[in-house]
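K.L.:
Those sequence lines, one after another, are chains A and B.
Note that the first sequence ends on residue 371 in numbering that gives the first Met the number 0; no numbers are left out.
Note that the second sequence ends on residue 356 in numbering that gives the first Met the number 0; no numbers are left out.
If you're looking for bench data, these hints aren't it; they were derived computationally from the structure.
In this text, all values refer to a predicted model and were calculated from it rather than measured experimentally.
A portion of the hints provided could be inaccurate.
What the hints assert, rightly or not - Output of the computed footprint for chain B on chain A, the stretches with three or more beta carbons under 8 Å from beta carbons of chain B: (1) 33-41; (2) 63-77; (3) 219-225; (4) 264-278; (5) 297-308; (6) 339-348.
As the list claims (entries may be wrong) - DEER-style ranges, computed between Cβ atoms: (7) Phe248/B - Ile164/A: 47 to 57 Å; (8) Ile29/A - Lys349/B: 46 to 56 Å; (9) Pro252/A - Asp33/B: 21 to 31 Å; (10) Gly207/A - Lys349/B: 30 to 40 Å; (11) Phe11/A - Pro235/B: 38 to 48 Å; (12) Arg166/A - Gln32/B: 45 to 55 Å; (13) Ile12/A - Thr223/B: 45 to 55 Å; (14) Asn145/B - Glu67/A: 39 to 49 Å.
Backbone N, C-alpha and C fix where the C-beta goes; we use that ideal spot for every residue, glycine too.
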Amino acid sequence: MKTIFYVIQKEFIQVKRNKVMLRMIVMIPIMQMLVLVFAATYDLKNVNIFLVDKDMSSTSRELATKLEASPFFTINNTSFNPDDGENELLRNADDMVLVIPQGFGRDLIRDDKASLQLLVNAIDGQAAQLGYSYAASVIRDFNKNIIAEWKGLPEFKAPFQINTISRFWYNSELDYKWYMAPGVLSLLVTLIGLFLSGMSLVKEKEQGTIEQLNVTPIRKIHFLVGKLIPFVVIALFDLAFGLLIARFVFHLPIVGSLGLVFGFSVLYLLGILGLGLFVSTLADTQQQVMFVTFFFMMIFILMSGIFTSVESMPKWAQFIDEANPVYHFMRIMRMVILKGSGFSDLIHEFVALCILGFTFLSLAVWRYRKTA
Amino acid sequence: MHIFRDPRTMVIIFLLPIVQLLLFGKVINNDLQDSKIGIFDQSHDNTTREITSKLLSSGYFLLGAELLPGDDVEDVFRKGKVKMIVTFGPEFEKSLERDGHADVQLLADASDPNTARILTNYASGIINDYVKKEKLQNIQLPNQINTEVRMLYNEGLKSVYMFVPGIMAMILMLISAMMTSISISREKEMGTMEVLLASPLKPIQIILGKVTPYLLLSFINTLTIILLGVFVFGVPIKGSFIFLMAESFLFILMALSLGILISTVAPNQMVAMFISVLALMLPTILLSGFIFPIKNMPWPLQILSHAMPPRWFIVIIRNIMLKGTGIMFVWKETLILMFMTFVFIALSIKNFKIRLE
Chain A
0 MKTIFYVIQK EFIQVKRNKV MLRMIVMIPI MQMLVLVFAA TYDLKNVNIF LVDKDMSSTS
60 RELATKLEAS PFFTINNTSF NPDDGENELL RNADDMVLVI PQGFGRDLIR DDKASLQLLV
120 NAIDGQAAQL GYSYAASVIR DFNKNIIAEW KGLPEFKAPF QINTISRFWY NSELDYKWYM
180 APGVLSLLVT LIGLFLSGMS LVKEKEQGTI EQLNVTPIRK IHFLVGKLIP FVVIALFDLA
240 FGLLIARFVF HLPIVGSLGL VFGFSVLYLL GILGLGLFVS TLADTQQQVM FVTFFFMMIF
300 ILMSGIFTSV ESMPKWAQFI DEANPVYHFM RIMRMVILKG SGFSDLIHEF VALCILGFTF
360 LSLAVWRYRK TA
Chain B
0 MHIFRDPRTM VIIFLLPIVQ LLLFGKVINN DLQDSKIGIF DQSHDNTTRE ITSKLLSSGY
60 FLLGAELLPG DDVEDVFRKG KVKMIVTFGP EFEKSLERDG HADVQLLADA SDPNTARILT
120 NYASGIINDY VKKEKLQNIQ LPNQINTEVR MLYNEGLKSV YMFVPGIMAM ILMLISAMMT
180 SISISREKEM GTMEVLLASP LKPIQIILGK VTPYLLLSFI NTLTIILLGV FVFGVPIKGS
240 FIFLMAESFL FILMALSLGI LISTVAPNQM VAMFISVLAL MLPTILLSGF IFPIKNMPWP
300 LQILSHAMPP RWFIVIIRNI MLKGTGIMFV WKETLILMFM TFVFIALSIK NFKIRLE
């Protein structure tokens, strides 16, 4: 036990002496939480509409006012020529072109129907769809209003009507930051853990101090445990720090139990640190470690569902994700923090993390040899 | 020669674009399909059954759970098995016929707000459609406005259209800027730079010699990405191919000069690596409009994004490939890239000379 304690002490002294490392441990959580969470948003705040009003009737003007009044839409320019509108789309100046054809108001009264054209820049399919659905709902409301006005009914009633009422649980304001914050937190824990453990052993190799450690009577398992514990402590510290930022900057509600969050984090970290140590037993230089971890992290993270939902991935990718620790951890963090899921809801993830952690750790122990 | 001696790096350089493109093309997408929903049908009549089957046959939804009276909705959500629960009240059909209206409740698990919003939109669209087609067949509604929508440049709303230009920018940044900076600072660290400097070569020759292989690699990668994009994912190139190549060349030059600049500033590999990762990779992914649209960000980040070269490059590439525009529409972005290249070269020449003294 005493030897473990000394190794731990040595690691902490090394971290303390390394100014760059210290700065990173403090700066990375701040940077990530503030930049990543704010930057990664699908929230649509503003859609620029180019209006081509060929009708110029009171109805078409009313529609324009209605759109302008909605917080999402800004009408930047108007023209009588649809080609101007398309040019604006090409120039990226506007996102949508609304064409109100000639005789729109008249047709609406005389033929009981009239049409509008909406041209959407759909390169970003997601934003295009969202923008379109907002525009459609404004137009629908406008339609309801004029029917009510013209027919003199308080509100026109179709003979059969099914109202859909949507309720958004756990995040009624649909604040995307709440979704991103737990995701970024799990990213943070992953990166810190993997980076610290991946670098540490290789650094000893590069500097030659590993030889000195190898000739001491310290046992292999003691050495590895002593190496791991400080990193767990540092990563948990960063997690707590990140949680504080999330709580006070984004007002993230933490519904579930903090004990569960930290408990799962320890379990997860053991696996991640094992993976980091394993990579560093394979590599000779820090640069190699960097490249290899960078490559795999990118795949792990992108597949974890941090930006996009895992359900919309193809079946084979979902299958592979079972072996992706980041995926399980991301799920756990989001479920516990946002929904207050308890341990019984997370048995599957718990088992998966245990298996993965055990595999990585045993790989690291197996590969690490005290003899050169 | 150095590059080819390190097989691990070589493999990663050539594998990276392919893996990335496959990932983004096949795996990472926002096209929701087969989302699991729960149905809580307290009425079990023809109408509710028809609506349910309409929802489930739409391709967007799969039945994840059938709730019974007494089941706890919260419990189902906490398990994370379903994303949305569709609730029909008791006597649904009767109240529809008697009172002319009935309510469907869509309870969405908004811990993922984006998915929640899209799913409720889809579901209410399908239900509205059902009412229009099945229930109101013969009734003419007054004063209907019909909105025709045309999704320009990407009719299928495929995510890959958006990602291909972003991946190009990212890979080129990675290879050109990061690899160059690291390789030059490695020479410094190992002391071989002194040897090169002492040789009768001029500084410009040394730099050109260092940079040319990366230029070549970057070009090969650009071609790989474009070919994969076009032939595997069906992304069109509507504009001129030569123009596309010229713009890519400009971007590569910019990235290389940035790489040289970093290497003249950084004392060793580690620092070069950190500057590359922190200053290049993160912003390239996040602040360039690659995944997340820039105009939705808070204004300090929007301002910051103006300084990110990939942002401009992505706009150019999207314009050429997807919209088929010429120089007339992207001259501003092109000029900005040229200006950045010029600044980076000027700065690194200045730094290079100082180091020689």
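K.L.:
Each hint needs a verdict: does it hold in this structure or not?
P.N.:
The hints, checked one at a time:
Judged by the Cβ-Cβ criterion of 8 Å, the segment 33-41 of chain A is covered by chain B as claimed, because 7 of its residues qualify and three suffice. With 0 residues having a beta carbon nearer than 8 Å to a beta carbon of chain B, the segment 63-77 of chain A misses the requirement of three or more and the stated coverage is violated. For the segment 219-225 of chain A, the assignment as covered by chain B is violated, since 0 residues bring a beta-carbon within under 8 Å of that chain's beta-carbons and 3 are needed. Counting residues of the segment 264-278 of chain A whose beta carbon lies closer than 8 Å to any beta carbon of chain B gives 0, which falls below the threshold of three, so the coverage claim is violated.
Counting residues of the segment 297-308 of chain A whose CB falls under 8 Å from any CB of chain B gives 7; the rule of at least 3 is met. Coverage of a stretch by a chain is defined here by at least three residues with a beta carbon nearer than 8 Å to that chain's beta carbons; for the segment 339-348 of chain A and chain B the count is 4, and the condition holds. Our hint of 47 to 57 Å for Phe248/B and Ile164/A holds, since their Cβ atoms are close to 56 Å apart. The given range of 46 to 56 Å is broken by Ile29/A and Lys349/B, whose C-beta atoms sit roughly 32 Å from each other.
The supplied range of 21 to 31 Å is met by Pro252/A and Asp33/B, whose beta-carbon atoms lie about 30 Å from each other. The hint said 30 to 40 Å for the Cβ distance between Gly207/A and Lys349/B, and at roughly 38 Å that hint holds. Roughly 57 Å separates the CB atoms of Phe11/A and Pro235/B, a value that falls outside the hinted 38 to 48 Å. A hinted range of 45 to 55 Å for the beta carbons of Arg166/A and Gln32/B is inconsistent with their spacing of about 23 Å.
For Ile12/A and Thr223/B, the hinted distance range of 45 to 55 Å is satisfied, since their beta carbons lie about 47 Å from each other. A C-beta distance of roughly 22 Å is found between Asn145/B and Glu67/A, which places it outside the suggested range of 39 to 49 Å.
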